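*Asks:* Here is what each chain is made of, one letter per residue.
2 protein chains.
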Amino acid sequence: MDMDHTLDQIQWNADGLVAAIAQDWQSGEVLMMAWMNRESLSITISSGEAVYWSRSRKQLWHKGESSGHRQKVKALRLDCDGDALLLAVEQIGAIACHTGRRSCFYRRYEKGDWQVTDAVLKSPQTIYGSRND
Amino acid sequence: MDMDHTLDQIQWNADGLVAAIAQDWQSGEVLMMAWMNRESLSITISSGEAVYWSRSRKQLWHKGESSGHRQKVKALRLDCDGDALLLAVEQIGAIACHTGRRSCFYRRYEKGDWQVTDAVLKSPQTIYGSRND
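The listed protein sequences correspond, in order, to chains A and B. Counting in my numbering, the final residue of the first sequence is number 630, and the numbers go up one at a time with none missing. Counting in my numbering, the final residue of the second sequence is number 630, and the numbers go up one at a time with none missing.
Worth double-checking, as some hints may not be accurate.
Note that the list lumps identical chains together, so a pair holds whenever it fits in one copy or between two copies.
Pairs of lysine-lysine, DSS-like flavour, derived with a Cα cap of 27 Å [unchecked claim]:
1. K555 to K569
2. K569 to K619
3. K608 to K571
4. K569 to K608
No lab work stands behind these hints, which were simulated from the structure alone. All figures in this text were calculated on a predicted structure; none of them were measured in a lab.
All chains, please: the whole structure from these sequences, using the hints.
*Replies:* Below is the structure:
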């Protein structure tokens, strides 16, 4: 099949990116949201592991490249207007967030503020040593 | 509590928007991704119903204003870098997508293409008459 045909159906934004939501394939928990460009989506599809585009580092970001917390893609979905992807993933290490929490969405709006509700499972220093992922 | 304080913790993008993912509060199904600006998030918090910013129409978009498919917000979460929101919603009418499907993510990548996997539960014409939501 033709990868270009697949990628051409994405509505890439002005920066050439599409939003990508990663969801645990079993629990349904939303783990993180990041971005992909054509190359990262193409590699994600061909490799079966989530590869994003790091907007801060301006480079391909193979999730888990330094932490080991890779994401095996079980299913890949596209939304109605073609500008958001939904990845059902097996989260290796059960930690998606660079803070060492399971999900990046660990703050809940309660009593007028964003309250941290989820525990750090592993300290970032233990995960990364000196750098982030 | 101070709404400005709450909103100031969002990392608004260059267009003054933040990504907002709506997830069914019971099943965990991801229903849609849209965008919010300060005003729409403020109204979402104060009203308890999801109000987005329509980038195409350039106006506030009270989800369900024409379809009746409103979203009651059960929980609101913010991610680690503050540029994505996760809404746990009760989807009124069990249809989030303007195509009449439960979720906007009704296409799955299979066999080299985006395959439609989810049925239309109610035709857009029945939902809207002549316009979209």
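*Asks:* Could you run down the list of hints and mark each one as holding or not?
*Replies:* Each hint tested on the structure:
| no. | hint | in the structure |
| --- | --- | --- |
| 1 | K555 to K569 | within (23 Å within a copy, 37 Å between copies) |
| 2 | K569 to K619 | within (20 Å within a copy, 34 Å between copies) |
| 3 | K608 to K571 | between (37 Å within a copy, 14 Å between copies) |
| 4 | K569 to K608 | between (37 Å within a copy, 18 Å between copies) |
When each numbered hint is compared with the structure, no violation occurs for any of them.
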